[in-house]
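Number of protein chains: 2
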Amino acid sequence: MSLPDSLAHHLATRFGDRFSRAAVLCEQHGKGEGFYPPAPPDAVVFAQSTEEVSAIVKACAAEGVPIIPFGAGTSLEGHVAALKGGVCVDLSLMTGIVSVAPEDMQATVEPGVTRKQLNAYLRDTGLFFPVDPGAESTLGGMAATRASGTSTVRYGSMRDNIVALEVVLADGSIIRTASRAAKSSAGYDLTRLFTGSEGTLGIITRLTLKLHGIPEAVTSAVAAFPSVAAAVETVTATLQAGLPLARVEFLDEAVMEAVNRFTGLSYRAAPTLFFELHGAPMAIQSQAEDLEAIALDLGGQDFRWTADAEEGNALWAARHKAFYAISSMHPGRQVLSMDSCVPRSRLSECILAAEADIAASSFRGGVVGHVGDGNFHVAVLVDPSDPEQMAEAEAINDRITRRAIAAGGTCTGEHGIGYGRIDFLAEEMGGAVGVMLKIKQALDPQGLFNPGKLFRAP
Amino acid sequence: MSLPDSLAHHLATRFGDRFSRAAVLCEQHGKGEGFYPPAPPDAVVFAQSTEEVSAIVKACAAEGVPIIPFGAGTSLEGHVAALKGGVCVDLSLMTGIVSVAPEDMQATVEPGVTRKQLNAYLRDTGLFFPVDPGAESTLGGMAATRASGTSTVRYGSMRDNIVALEVVLADGSIIRTASRAAKSSAGYDLTRLFTGSEGTLGIITRLTLKLHGIPEAVTSAVAAFPSVAAAVETVTATLQAGLPLARVEFLDEAVMEAVNRFTGLSYRAAPTLFFELHGAPMAIQSQAEDLEAIALDLGGQDFRWTADAEEGNALWAARHKAFYAISSMHPGRQVLSMDSCVPRSRLSECILAAEADIAASSFRGGVVGHVGDGNFHVAVLVDPSDPEQMAEAEAINDRITRRAIAAGGTCTGEHGIGYGRIDFLAEEMGGAVGVMLKIKQALDPQGLFNPGKLFRAP
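So the protein lines, in turn, are chains A and B.
According to my numbering, the first sequence is numbered sequentially starting from 1.
According to my numbering, the second sequence is numbered sequentially starting from 1.
Watch out, some of these pointers could steer you wrong.
Since the list gives no way to pick out one identical chain from another, each pair is judged satisfied if it fits inside one copy or across any two copies.
[Unchecked claim] Keeping only pairs whose Cα atoms sit at most 20 Å apart, straight-line, the calculated SDA-like set for lysine to any residue is:
#, residue 1, residue 2
1, LYS210, ARG154
2, LYS210, PRO244
3, LYS31, PHE46
4, LYS210, GLY408
Calculated from the structure, these hints are not laboratory results.
Quick caveat, the model's predicted, so the values are computed rather than measured.
Turn these sequences into a full structure, and let the hints steer you where they fit.
In structure tokens:
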């Protein structure tokens, strides 16, 4: 659809040059970092306050025009595609850090703030925000997709680290989902309902986040394993023993080989785990020793650990460079990253099956995993402009995803549904999708918030 | 209302002596442990399976009869009162432990299982379920009220420890709210929506719970403080330092005096903190030393700690006996326990104001707090049969609750809304209650699930 003149006039008058219908800008706002074709909105408005977001929503609702919230555009599943046209509400100018309450270990921020910006701001407080999805996402976007990252095994995902949200609803009204209390039994958990709702229920305009104490010391470790199963068993045994791993990342043999080629380092070409422990020096030294004992017992080799920050970075070099190393596996192609999460007891079989899928395909690729959570990403190198390759990649993705669902897992550990994974959502959740749809219809009866995401547009 | 004959006949035929209209049984099922008058249902059915729950819901829905789920009847805010009559679905016979997956650190249970039963069952696995609300509640009931307890500061509340729920909806259909993956970005977070919904959206018939490793060692500590503020500051500084307190409980001066009188022990009559640390012996020894340094720095006195289980029990004796000690403050009267939770930066002022409220009242009483979460319970000794006393207690409760809300906190940290705190919910949440009501109407259009709770019955 194209924008009604009355609405365009209204928004242009109110927002001046923060309202635009320029094709380049609209193109840019209709595409994330995934391999979906751009679906540009009809216009973009850069909002600077909750009240402005509310005004935009009211104006669009009055004309029945779709509204798509936009942060940094780093989502992977087509979340920002304007499938029905409409107005994109860009929140990237809302970068205010509203307040920090060190005693409460909380910060209240606007949605356009990134994790790095927040952590830079917090540096002198001794506190930090732990959720790290890798991309330079905004915190609003991370809330909207229920993002997680390498430290989720210890600190949780966005689900666990949001105290309260401010949200603009479909009628333009503004609510706060919860108080600032650390816990509450006061009614339905609206904070968690809007977290992960992918812009389909409302627009997040403010977040109160849970902060954590910067650990006094960090210990890093790395070990190679004779098999994927031995690596996963090490993680399981470690967590069962109550050892509070701050991070535990898995790279498979193919990725380790690529790292060696790319960096000139000489890791063993084997399934490898990268660990991090956070805490007081004595406590984490004792934990590192326990960890080493468990790893060696399960066949771990080349176990190395260090409490020195620089040496730790060196130990983790392979993990830090994994993305570029994978990219280098097939120059000229791009990394397509899939996203499954399964109960840990099924993780090694799912990783092995995915490796076999890659081996049987025409692609180079490998597996990287946040194995503490059972989350793994299968990466294959594709030329997105080649439809045959994209179809083959799609078929692999289908197999891996169906296998994860059959193993009691989920079709997306952290990337979200967007519009590319709607069928998987139905396959995974069954009748529960009906409940989601009833909630959608109750809170957005006109279906204007990010239409076509999570559910097919009517 | 009384039960339609056709429904009574239908249920009696299907459930035999697991269906009852006996007055004593109905009375018993119309009252929790709070000070609300009994509101008996018209009948009680003891369900033994999800399919039976579904059949009961379908039969009641067909006749427009209210449905009230019942676990152990330990709730405090009138949650089980059958305000509109109807059928109470007693789930206490559903005590199956369906499966335990040690590698995934998960257990799937029926809703009638209690925390103690589950932990007894898990003993040999090295795992445990941490949420401990004190009462002998069922896990289904704990999920329904989003319960928490003394270890929530480390292990989280029911919000954080449920992986997935099976729920019977208003039309009798059965859904699962999530896969068994440890995290997911697949659609709306229905697990968290039903957790804390107090039986108003569906009946929880199965829970997959997150388990934790039984800590290798436990260190207990106790310290008295010159002021409430010094005690709270100690907790804040400890948590900011990233010291993973497993429990931290506060008893105020009045409660400590009562403990001394009741037990013959001779604690200092002062604001007192009880700590627990969980982990590897070396790690928690180092943490205990750090904790002591922080506590002494903030004026802590009589600091004692031990890694011995029996000595630990002795150190914690005052906390374990607090309820009985408070009861003994005024023989013949009963303990009325209020429930507020505020940002920790406002905690000491709220506790001091509550102590002043007690001092200015006709009651004896004191304050006990899960201070790591900012949660505190003000206890006063009342004769529930004396309307004047109950009115006075109500007025104190109002003041304390309004103060908590004004401080950015919640009207209930862990007890729930039931029907006694509906006005406070509105005061705390404002327009967000409208969102809750829309969800209620969308998922329970006839308004048959636990009517009159969270919202006034239509």
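Point to revise | Homomeric proximity label, LYS210 with PRO244: Cα distance no greater than 20 Å | key: both (19 Å within a copy, 15 Å between copies)
Check your understanding: Is it within, between, both or neither when you check LYS210 against GLY408 at 20 Å Cα-Cα?
Key -> Classified as between; 15 Å across copies, 30 Å inside a copy.
Point to revise | Copy assignment of LYS31 with PHE46, given that the CA separation must stay at most 20 Å | key: within (17 Å within a copy, 54 Å between copies)
Check your understanding: With identical chains treated as interchangeable, where does the CA-CA distance between LYS210 and ARG154 reach 20 Å or less: within a copy, between copies, both, or neither?
Key -> Intra 14 Å, inter 14 Å, cutoff 20 Å: intra and inter.
Every hint, counting from the list given before, is met by this structure.
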